[in-house]
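*Asks:* Sequence:
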Amino acid sequence: MSQKQAVTRQLKLNYRRSGKKNKAGILDQLVELTGYHRHYAAFKLRQLRIKRKPRLGLRISRPRIYDREVFLALRKIWVIYDGICSKRFIPILAEAVRKLEECGELNLTPEVKAKLLRLSPATMDRMLKPVRKTYQLKGISTTKPGTLLKNQIPIRTFSQWDDKQPGFLEVDLVAHCGDSLRDMFIYSLNLTDVSSGWTEPVAVMGRAEIRVFGGIKTVEARLPFPILGLDSDNDSAFINGELLRYCEAKRITFTRCRPYRKNDQAYVEQKNYSVVRRVIGYARYDTQEQLELINQVYLYLRLYINFCLSVMKLVRKERIGSRVKKWYDEAKTPYRRLLESDTISLKQKQRLKDQYAQINPVKLRKNLNRLLKKLSQTLINERKKNT
1306 MSQKQAVTRQ LKLNYRRSGK KNKAGILDQL VELTGYHRHY AAFKLRQLRI KRKPRLGLRI
1366 SRPRIYDREV FLALRKIWVI YDGICSKRFI PILAEAVRKL EECGELNLTP EVKAKLLRLS
1426 PATMDRMLKP VRKTYQLKGI STTKPGTLLK NQIPIRTFSQ WDDKQPGFLE VDLVAHCGDS
1486 LRDMFIYSLN LTDVSSGWTE PVAVMGRAEI RVFGGIKTVE ARLPFPILGL DSDNDSAFIN
1546 GELLRYCEAK RITFTRCRPY RKNDQAYVEQ KNYSVVRRVI GYARYDTQEQ LELINQVYLY
1606 LRLYINFCLS VMKLVRKERI GSRVKKWYDE AKTPYRRLLE SDTISLKQKQ RLKDQYAQIN
1666 PVKLRKNLNR LLKKLSQTLI NERKKNT
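Numbering (my numbering), first residue to last: 1306 to 1692.
Where hints are given, some of them may not hold.
Below, simulated DSS-like cross-link-like pairs (lysine-lysine); rule was C-alpha separation at most 30 Å, straight line [stated by the list, open to error]:
| no. | residue 1 | residue 2 |
| --- | --- | --- |
| 1 | Lys1349 | Lys1326 |
| 2 | Lys1420 | Lys1668 |
| 3 | Lys1668 | Lys1652 |
| 4 | Lys1658 | Lys1392 |
| 5 | Lys1671 | Lys1392 |
In short, the hints are calculated from the structure, not lab data.
All chains should be modelled from the sequences, with the hints used to inform the complete structure.
*Replies:* Below you can see the structure in the form of structure tokens.
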């Protein structure tokens, strides 16, 4: 190998000084002497190593703008706000700082605060890169086909829905069955408003029509706006006479998505993961104690996600060749989107403002963590009983 390298170095000097005709002969000579492939031999002859002059003195770097104090403040707020992505976090950062200062949970110097509010999404991503954690989990689908009532419940069309007006909700069930569908277990009934992103989860035991219907009525009492439309999948838990009669009596537009088309319910499907799965997980829950704990979690979670966490909405998309380019609006919390809506009454908006004034994001997180620890402990206790 050393002999080949020596021959290559010697011929390389001649190769650089020669004209085009002579270079072909030098290349033939190198291939014959070393056994290299002709393309590789040409590559070795073209290689040029330039000896750079040693750098004198120390390299002068730019001063760091966002120091450790800014990083610690950013990390603290980011963790309180569920570690959401920079595109969703930066638009609400000023509001988050103001809210935490009002609650006495944050005390920043004017200098640190000014730097924090100048952060761009890209800078935030770079600063938080060492503390980010990613994971992937998968679940089980438990949707069963509905009855012949599907013929009476129309498939959702654009003419029947006004996505710009709060009150049109997508509804779905999330199974907490673990890795087995045996016996009775808990479901999360999840409803998401298409216009504002307002999401209301509630836990029910089993998928019986009466329990799912009861869960919908519970959510209806909590919503800051009337239900104008419901869109479900073709699950028998929703496609039933009781819910159909209820919607007809209340003049609620009741529609269903096309079979096997999850994109028809893109809003609630996304919330099934970001709201339910990320918090409750994929374990099996099937006791009354766990049902009560999950519903307690949801009482705090609904305030946290609707008043504190921002959402981005797709404005338009355009196909450019094989790629699809998407444009999103500015990230806002569902609470802010409702305040900007013309269809929400001034009285209801004032109720929302009063409710937001009483919210402390840090205390919400602490209560959520406390209840989730209790929920995890029930799983540990069950494992001990079974061993």
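*Asks:* Are the hints correct? Go through all of them and say.
*Replies:* Hints, verified against the model:
1. Lys1349 to Lys1326: 18 Å, holds
2. Lys1420 to Lys1668: With a Cα-Cα distance of about 26 Å, the restraint between Lys1420 and Lys1668 holds, given a limit of 30 Å.
3. Lys1668 to Lys1652: OK: Lys1668 and Lys1652 at ~27 Å, within 30 Å.
4. Lys1658 to Lys1392: 25 Å, holds
5. Lys1671 to Lys1392: Holds - the C-alpha atoms of Lys1392 and Lys1671 are around 25 Å apart, at most 30 Å.
Of the numbered hints given earlier, the model fails none.
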